[in-house]
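Student: Chains as they are written, first to last, in this note's numbering: chain A, 1 to 285; chain B, 1001 to 1355.
Because the hints were derived from the structure by calculation, they are not lab data.
Check before you lean on any hint, since a few could be wrong.
To be verified - As a list, the in silico DSSO-like pairs of lysine-lysine whose alpha-carbon atoms are at most 27 Å apart:
hint, chain 1, residue 1, chain 2, residue 2
1, A, K184, B, K1267
2, A, K206, A, K93
3, B, K1021, B, K1248
4, B, K1168, B, K1182
5, B, K1131, B, K1168
6, A, K206, B, K1105
7, B, K1343, A, K184
8, B, K1074, B, K1183
9, B, K1074, A, K93
10, A, K93, B, K1266
11, B, K1353, A, K184
12, B, K1074, A, K184
13, B, K1131, A, K184
14, A, K184, B, K1224
15, B, K1267, B, K1209
16, B, K1108, A, K184
17, B, K1108, A, K281
18, B, K1183, B, K1204
19, B, K1131, A, K206
20, B, K1108, B, K1248
The model shown is predicted, which means the values in this text are computed figures rather than measured ones.
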Amino acid sequence: MNRKIKEPVSFLLPLIFFIAAFLLFPVLGTFWNSLWQDVPFMARRFVAFDNYVGLMKDGQFWQASFFTIAFACISVSLEMAFGMITALILNEKSRLRGALRGIALIPWAIPSVIGARIWQLIFRYDYGVANITLKAIGIGPVNWLGTSAGAFAALVLADVWRTTPFVAIILLAGLQTVPDDVLKQAQIDGANIFQRFHRITLPMIKPIIMVAILFRTIDAMRVFDLIYVITGGGPGGTTASLSVYGYKFFLTGDFGYGSAVSVILFIIALTTAIIYMEIGKLRSQ
Amino acid sequence: MARLLLENVTKIYGRDVFAAKDISFEVDPEEFTVLVGPSGCGKTTTLRLIAGLEELTSGEIYIDGRRVNDVSPKDRDVAMVFQNYALYPHMNVYDNMAFGLQMRKYTKSEIRESVIDAAKTLDITELLDRKPRQLSGGQRQRVALGRSIVRNPKLFLFDEPLSNLDAKMRVQMRAELARLHKKIHATIIYVTHDQVEAMTLGQKIVVLKDGEIQQIADPITLYKKPANRFVAGFIGSPPMNFIRGTIKKDPTHISCFCTDLVLTLKKEFERYVGRSVVIGIRPTDFSLVEGTQIPIIVDVIEPMGNELYIYGRCGSTMLVARVPEEAEPRVGQMHVLRVNPEKLYIFDEETEKAI
Chain A
1 MNRKIKEPVS
11 FLLPLIFFIA
21 AFLLFPVLGT
31 FWNSLWQDVP
41 FMARRFVAFD
51 NYVGLMKDGQ
61 FWQASFFTIA
71 FACISVSLEM
81 AFGMITALIL
91 NEKSRLRGAL
101 RGIALIPWAI
111 PSVIGARIWQ
121 LIFRYDYGVA
131 NITLKAIGIG
141 PVNWLGTSAG
151 AFAALVLADV
161 WRTTPFVAII
171 LLAGLQTVPD
181 DVLKQAQIDG
191 ANIFQRFHRI
201 TLPMIKPIIM
211 VAILFRTIDA
221 MRVFDLIYVI
231 TGGGPGGTTA
241 SLSVYGYKFF
251 LTGDFGYGSA
261 VSVILFIIAL
271 TTAIIYMEIG
281 KLRSQ
Chain B
1001 MARLLLENVT
1011 KIYGRDVFAA
1021 KDISFEVDPE
1031 EFTVLVGPSG
1041 CGKTTTLRLI
1051 AGLEELTSGE
1061 IYIDGRRVND
1071 VSPKDRDVAM
1081 VFQNYALYPH
1091 MNVYDNMAFG
1101 LQMRKYTKSE
1111 IRESVIDAAK
1121 TLDITELLDR
1131 KPRQLSGGQR
1141 QRVALGRSIV
1151 RNPKLFLFDE
1161 PLSNLDAKMR
1171 VQMRAELARL
1181 HKKIHATIIY
1191 VTHDQVEAMT
1201 LGQKIVVLKD
1211 GEIQQIADPI
1221 TLYKKPANRF
1231 VAGFIGSPPM
1241 NFIRGTIKKD
1251 PTHISCFCTD
1261 LVLTLKKEFE
1271 RYVGRSVVIG
1281 IRPTDFSLVE
1291 GTQIPIIVDV
1301 IEPMGNELYI
1311 YGRCGSTMLV
1321 ARVPEEAEPR
1331 VGQMHVLRVN
1341 PEKLYIFDEE
1351 TEKAI
């Protein structure tokens, strides 16, 4: 190899090493594991795609996939909506702006397991704040965590509460890139506040919105801690996300099957990311 | 085209920051009025007040006799060109120009016609499909102008529109602006900190400092009869020389006794004997042949081609003067300047008003 090739390669090597060690190796390792039957007290046996065939016939798997996608779609939509509203409020000039920005970040700053535990207490049937409030205004009590619809709603609520600040901060950064003069110009051009938002602000921060959606969607699809703490996947496995579902097999020692679930989740998340990035590319062209 | 009237316009930020203090002036239809002053003088604030982008603290603004204090920017029928153009980055040039008309519910064919018309006026027809980021500074400037003329508004408000262009482009666009003004018979209010722009473009110039009007006049009056020391120093390049002194009577003349020199004044200043004053001399007003002699030691020579600017000192008094090449000044050597008493500007030392 001559110097011309050696030099750039030597610069790239550390990066390649890190990507290999921390990304490629685990991903490929998991995929490799998923091709084996690997349960306690039995010899490890190569089964090729048997685990995947099993998954296709597994009702619980389909249930978990459906739940994961529904959870991601609904909670990310709500987070984007509330995040945008919060960002717009935080972007307004006000004496309280600094304080408000700090306060808005609190849910994001609380460790997720603690946040989840708080929500679990809020949704308690007997003494949870949610039901006490509902009773006070004459509705309920609602069996939040005992019904699949209630548990789903509770999880979405908790996730929206926790990650709206994250979305708001990203969108706020976007809003701050929109020059004041451009909005003033639109005002002189006769655009009212809604037209200014829809025709000027929104298209200008679209790339940042795409990033926020991408981050949030991938994150929401991998949701684990929230569900693990609040519902444990219940009632009756109806709120098990793919992560929670896959985790259970690792817990019982069925590593091959659990790995297969993980690989499927990885493929779904990767596909989503690629789709978003392609949409972003098309838009910017 | 409209008449604009400002009456005692005041804008206070917070509790006591006067951005504009008691501003009153009138702009006649089709007049090119320039608001000029150093940064922070309140010129942009005044412009924004006229546009309706800022709220008045007190005073009145009339456009064509209609009080517009509480009228929203879009209903004032004004167009504004911002310093950084404020083009919509996600729209192509056509949509940038069409946006204002779309918001005002013009039909598609009307919009098309107006945009093409304006594009022709500014020679940007071939740019209509481009995005702002694909344009050069000068082209963006043209698009911003095009966007303002497309709607045929009553008033044009320009906020330092040329300051982001390079020197050559600026001169070119300046001429183009003057031409555009004549072509579309626009009433223009133009904000700049550049006195050359003000002098070359303005029919009427409003000089501002610290939120207050210093003088309103046409360019020649402003140059020849500045109302106070500030205007005298601000208009003209290089700026006027100022020398402090006291008016006294000697046996033959009325003279101003300064620290390092004595300047002969016109006879009519006899009634100011005893007054402390500041004498102003424009660098271009020094003469070769007649007037009071001022010997200076030359520090710096700036050749400008057919003439030279020399920077020197007479004792501790710093002076700058324009001299012809033939005068052949030398750095470090003495050079004698002469100044005619007729050419002196005299300001009261305390009030800084012209005497």
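Student: Run every hint past the structure and note whether it holds.
Tutor: Hints versus structure:
Of the supplied pair hints, the one linking K184 of chain A and K1267 of chain B is violated, its CA atoms being roughly 57 Å apart against a limit of 27 Å. A hinted pair counts as satisfied when its Cα atoms are at most 27 Å apart, and K206 of chain A with K93 of chain A qualifies at roughly 23 Å. Taking the CA atoms of K1021 of chain B and K1248 of chain B, the gap is about 38 Å. The hint is violated against a cut of 27 Å. Distance hint between K1168 of chain B and K1182 of chain B is fulfilled; the C-alpha atoms sit about 22 Å from each other, no more than 27 Å.
With a C-alpha separation of about 24 Å, the suggested pair K1131 of chain B and K1168 of chain B falls inside the 27 Å cut-off, and the hint holds. This hinted pair checks out: K206 of chain A and K1105 of chain B have alpha carbons roughly 26 Å apart, not beyond 27 Å. With a CA separation close to 47 Å, the supplied pair K1343 of chain B and K184 of chain A exceeds the 27 Å bound. At roughly 25 Å between alpha-carbon atoms, K1074 of chain B and K1183 of chain B fall within 27 Å of each other, so this suggested pair holds.
Between K1074 of chain B and K93 of chain A the alpha-carbon distance is near 22 Å, which keeps this suggested pair within the 27 Å criterion. Taking the CA atoms of K93 of chain A and K1266 of chain B, the gap is near 58 Å; set against the 27 Å cutoff, the hint is violated. Taking the CA atoms of K1353 of chain B and K184 of chain A, the gap is about 39 Å. The hint is violated against a cut of 27 Å. This hinted pair checks out: K1074 of chain B and K184 of chain A have alpha carbons roughly 10 Å apart, not beyond 27 Å.
Distance restraint check for K1131 of chain B and K184 of chain A: the Cα-Cα separation of roughly 20 Å lies within the 27 Å cut-off, and the hinted pair is therefore satisfied. The hinted pair formed by K184 of chain A and K1224 of chain B fails the criterion: a straight-line CA distance of about 39 Å is larger than 27 Å. At roughly 33 Å between alpha-carbon atoms, K1267 of chain B and K1209 of chain B are farther apart than 27 Å, so this suggested pair is violated. Distance restraint check for K1108 of chain B and K184 of chain A: the Cα-Cα separation of roughly 24 Å lies within the 27 Å cut-off, and the hinted pair is therefore satisfied.
About 30 Å separates the Cα atoms of K1108 of chain B and K281 of chain A, which puts this hinted pair outside 27 Å; it is violated. A distance of roughly 18 Å separates the Cα atoms of K1183 of chain B and K1204 of chain B; the hinted pair therefore holds under the 27 Å criterion. For the hint linking K1131 of chain B to K206 of chain A, the alpha-carbon distance of about 16 Å falls within 27 Å, and the restraint holds. Under the criterion of a C-alpha separation no larger than 27 Å, the hint pairing K1108 of chain B with K1248 of chain B is inconsistent with the structure, at around 75 Å.
In summary, the structure is inconsistent with hints 1, 3, 7, 10, 11, 14, 15, 17 and 20 from the numbered list given earlier, while agreeing with the others.
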